[in-house]
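A.B. asks: Residue numbers (my numbering), protein chains in the order written: chain A, 1 to 591; chain B, 1 to 501.
Quick caveat, the hints were computed from the structure, so don't treat them as lab data. Some clues are possibly wrong.
Stated by the list, open to error - Below, a list of computed lysine-lysine pairs in the DSSO-like style, where the Cα atoms sit at most 27 Å apart:
| # | chain 1 | residue 1 | chain 2 | residue 2 |
| --- | --- | --- | --- | --- |
| 1 | B | Lys53 | B | Lys223 |
| 2 | B | Lys211 | A | Lys157 |
| 3 | A | Lys83 | A | Lys376 |
| 4 | B | Lys469 | A | Lys133 |
| 5 | A | Lys83 | A | Lys546 |
| 6 | A | Lys546 | A | Lys378 |
| 7 | A | Lys157 | B | Lys27 |
| 8 | B | Lys223 | B | Lys333 |
| 9 | B | Lys53 | B | Lys27 |
| 10 | A | Lys541 | A | Lys376 |
| 11 | B | Lys53 | A | Lys83 |
| 12 | B | Lys333 | B | Lys27 |
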Amino acid sequence: MAAPSPSPHKPRRKARQRVGNGASSLTTTETGPLVRTPSFPLAAFLWPARGVASEWELLPLILMGAGLFRWAAGLWGYSGFEKPPMFGDYEAQRHWMEITTQLPISQWYSHDLQWWGLDYPPLTAYHSWLCGKIGSLIDPSWFALYTSRGSSDPTLKIFMRATVLVSEYLIYVPAVVVFVRRFSRLSNVATWTSSVALVAILMQPATILIDHVHFQYNTVMLGFVTASMSSMLADRYLWAAIFFVAALGFKQMALYYAFSVFAYLLGSCLFPRINISRFLGIAAITTASFALLLLPLVAGTLYDVNNGIDSIPDLDGPPPSLPLFQGLSEYLDTDALYYPIVEQLIQMIHRVFPFARGLFEDKVANFWCALNVVIKLKKYPSELLQRGALLATLASIVPPNLILLFRPRKHLLPLAFASTAWGFFLFSYQVHEKSVLLPLMPMTLLLAGSQGLAKSTRAWVGFANLLGCWTMFPLLQRVDLRVPYAVLTLLWAYLLGLPPTSLSAYLQEGSPRWTEWLTFFIHGFFYLAMGLWHVLEFTLKPPPEKPDLWVVINVGIGAAGFSLCYLWCLGSLVMESELLFRPRVKKAKTQ
Amino acid sequence: MAEIYPSLAQCAIVAAAFKILLFPAYKSTDFEVHRNWLAITHSLPLWEWYYEKTSEWTLDYPPFFAYFEWIMSQVANLVDPSMLRVFNLEYDSWETVYFQRFTVIITELLLVYALQMFVDSSRGASKRAAQAAAISILLSPGLLIIDHIHFQYNGCMYGILIASMVLARDRSTLLLSGLTFAALLCMKHIYLYLAPAYFVFLLRTYCLSPKSIFRIQFINCLKLGGGIAAVFGIAFGPFALKGQIPQIMSRLFPFSRGLCHAYWAPNVWAMYSFVDRLLILLAPRIGLPIKTDALQSVTRGLVGDTAFAVLPDITPRVCFALTLLFQAIPLVKLFIQPTWDTFVGAVTLCGYASFLFGWHVHEKAILLVIIPFSLIALKDRRYLSAFRPLAVAGHVSLFPLLFTPAEFPIKTVYTIFWLVLFLMVFDHLAPASSRPRFFLFDRFSTLYITVSIPLIVYCSLVHGIVFGKRYEFLPLMFTSSYSAIGVVGSWVGFMVVYFTS
């Protein structure tokens, strides 16, 4: 639906008059690009709140609004809905609630691995246990061992959706709210502007589509990472470490950020002067939190061993060899008290890091998958590929992290996190298309920063998000989720004044500089390609000898676009860090 | 002219996105009702529309609505012809759901247009208030619950109502206003409840001279009378030719139904029932006779007819008389002082009277009060303080329409969102009144709004946990009695405001 967007040029006088009409106090916020008229619809929605409403009036409304859209999106189907035999991610999460509530803890990581065996770190297991316990109070049949597999009980769906929403509102949402507050204060952004950014971040379509529609708990992990970043902003290094361990403990994917966390924490111990006690504190608290994370697993294993419960119950004879580090068993006494613990931890690590799988599993918009279109990578030995992936990943993540190490500045955090995560996404091993959420999260947080809602940042953040959603379209359309995909992405694009709904992020106000023209043409090309792809995908069947044609094209375009996003993040990071240029440039940027 | 943000179009777009996400939500039998009407109008000749009864959901709206369904069925034929077969009962392929839900969103554009007319017709300082009121109607939880989840086409028809009310604002479009309202009556006859206000207002401002009520403007009378006759002729003419009017009337006005609808609409009769219920417990002590046959209906309040055990039964005639009486009182003032604001107030009060005293009132009819009231709620703070309990009570009373767990968060969170947002915005925008406010009334309304929170919690959570499936009428009765207090309170409050301003 096309709508007349508000005309861009309005005399200043009237804007003031408007504010004066409704406001008792006339504290207009004269910073940021949004002074005269809202330059995109989202700003228009919060326009009446300028200088009138306090943050505490606005925040509950924002949270309710964001929650409503999430819940409504959740009315649609989920991954694997009525798709036997294996169903999908929804069944995986439900199954984990089943095994964690029904089985002794030592069997969690080894129970019937063919049916969605648990392959996330322990915090996910504990979270599943908690959700499973609560759900069993409502209806025990939801999580009955074996018989509940593949359940499509509509009430169970509501319960599962509610667990996602509640988990998100307990972790991700508060983390984002606090981060936006701190980051915008750090960047001298007005409160009202930061509220606009908050809505934009919360309405980010990719996380809603994956977590609330397709079904997963990514926002819990992302929330812990955000909390870690926001602790860094507040100089709470120990909390940053704890939150990051929690993120890692929830989903191993958080390793994408590990280098940046490490670089920043180490950098802040080294610069401006070496701070040994801080370093030791961080090291100690990290170790302690890891220990705490594993404690239930270890204690549970010991308890089960004492009660004669094996991790693999049906097995007679000698214990099986370790799945990893086989050499280790020669040095260890398999009858010793500690052996089951070693076995349990190694089994967990083996499940969490599937080294044995290929370079990439499905079609994903990263470098390797795109390269595979040109050169068939399967014919190379996997050792070589692994090494190549490792080198390429390192090459891509070292520059941003070196910058962060030597310049541990707070305002660089989102950019450094984003470029590191992009590097991992593009070049590392075993990437899933949903992993694009990881680089998108810190990149989207840029909206709360200095000039975050100005044209350039908005255009790039918007581009990355819309491209990210687009690369997940094949995943979503497999389970008939075209409608929520279209609604949520178009809504977000509309709210932020992005293509295909508007060109205001590129062509508004004054004559663009040559860099803006360049951005416009590059993005324009990609948006056209995406639109054209949707038309083709919708109208034409791919030729029978190339059934994956549309997905392959999607992957190719996606990988190219994501590479640009990586370069933009890295480039902005270099500029912002003032390593190459001195403040003269900085001044020009924030004029 | 200064733009006011956000614009109605912007709100409509975001609201439409939310409504599309609600496509898979619960839908009531009204969905099947409207599918059946699509099928009837598409596959049968005009003369059989009002006789067809394969489905129990026979066509019981006036002809314009049937024509409206016929137009939509032309498009439906392209989407999924199977939905247009009369015998295809309970058919809901995803194409059918998408199509029918989408028609609700599309036809609601009429409401957006009418609201824009309303904003444009407001001048000066009140423009911001008009914009806020318009957005509050557009985003109304009532319309969301009834139209986009439960399923009906109220958005479109309230659009026509608002358009006709806005047309009445300007002397040059009075005739058009009357004709629009006549067309609306031929679409859904529930608006007959508001017709007395229109009649008096048009009579006074259009048919009689503004200077003296004894000088009749005959040309205007002819224009209006002829126009209305023409509108009704187009609607009912084809059926009148075949002598089908009595059949249509029996469909439109089924007086065989009970006093209270399946759910208890929060009106005077709900309070009456509640008192009756209490008297059953008290009657033995104070020696009142109890009609034993009425006690048998244990499911009272849930289904069908309501019989009273202690209090005298209510006949349709009593309802009718009370409704007319309480409609007539504000109309006297409208006749004496025919300004637009009084007119809107009179329409609102006609809505109130028919909702509170009407026969077989459905709780959905509360929109008949809320929507006209919204147009003048921001006139000053006294209006607002009468509007506040109505906004809470009216929307809370709609909650029992949706009883499925998936829609529970939507109906409650959306309503709370709307109430918080608009009561806050209205509070900023409503100018102080020139007359003193009623101290007690304000306190009462704050207390009243606070009570809604434990009530919602009890009805939706606590009752189910404590009693399970037993005493299912209790939450309904509480919701209904609570809402009735709010509606009656706001009615009394508004009566006072209406007559003193």
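A.B. asks: Looking back at the numbered hints, which does the structure fail to meet, lowest number first?
C.D. replies: Numbers 1, 2, 3, 11, 12, in rising order.
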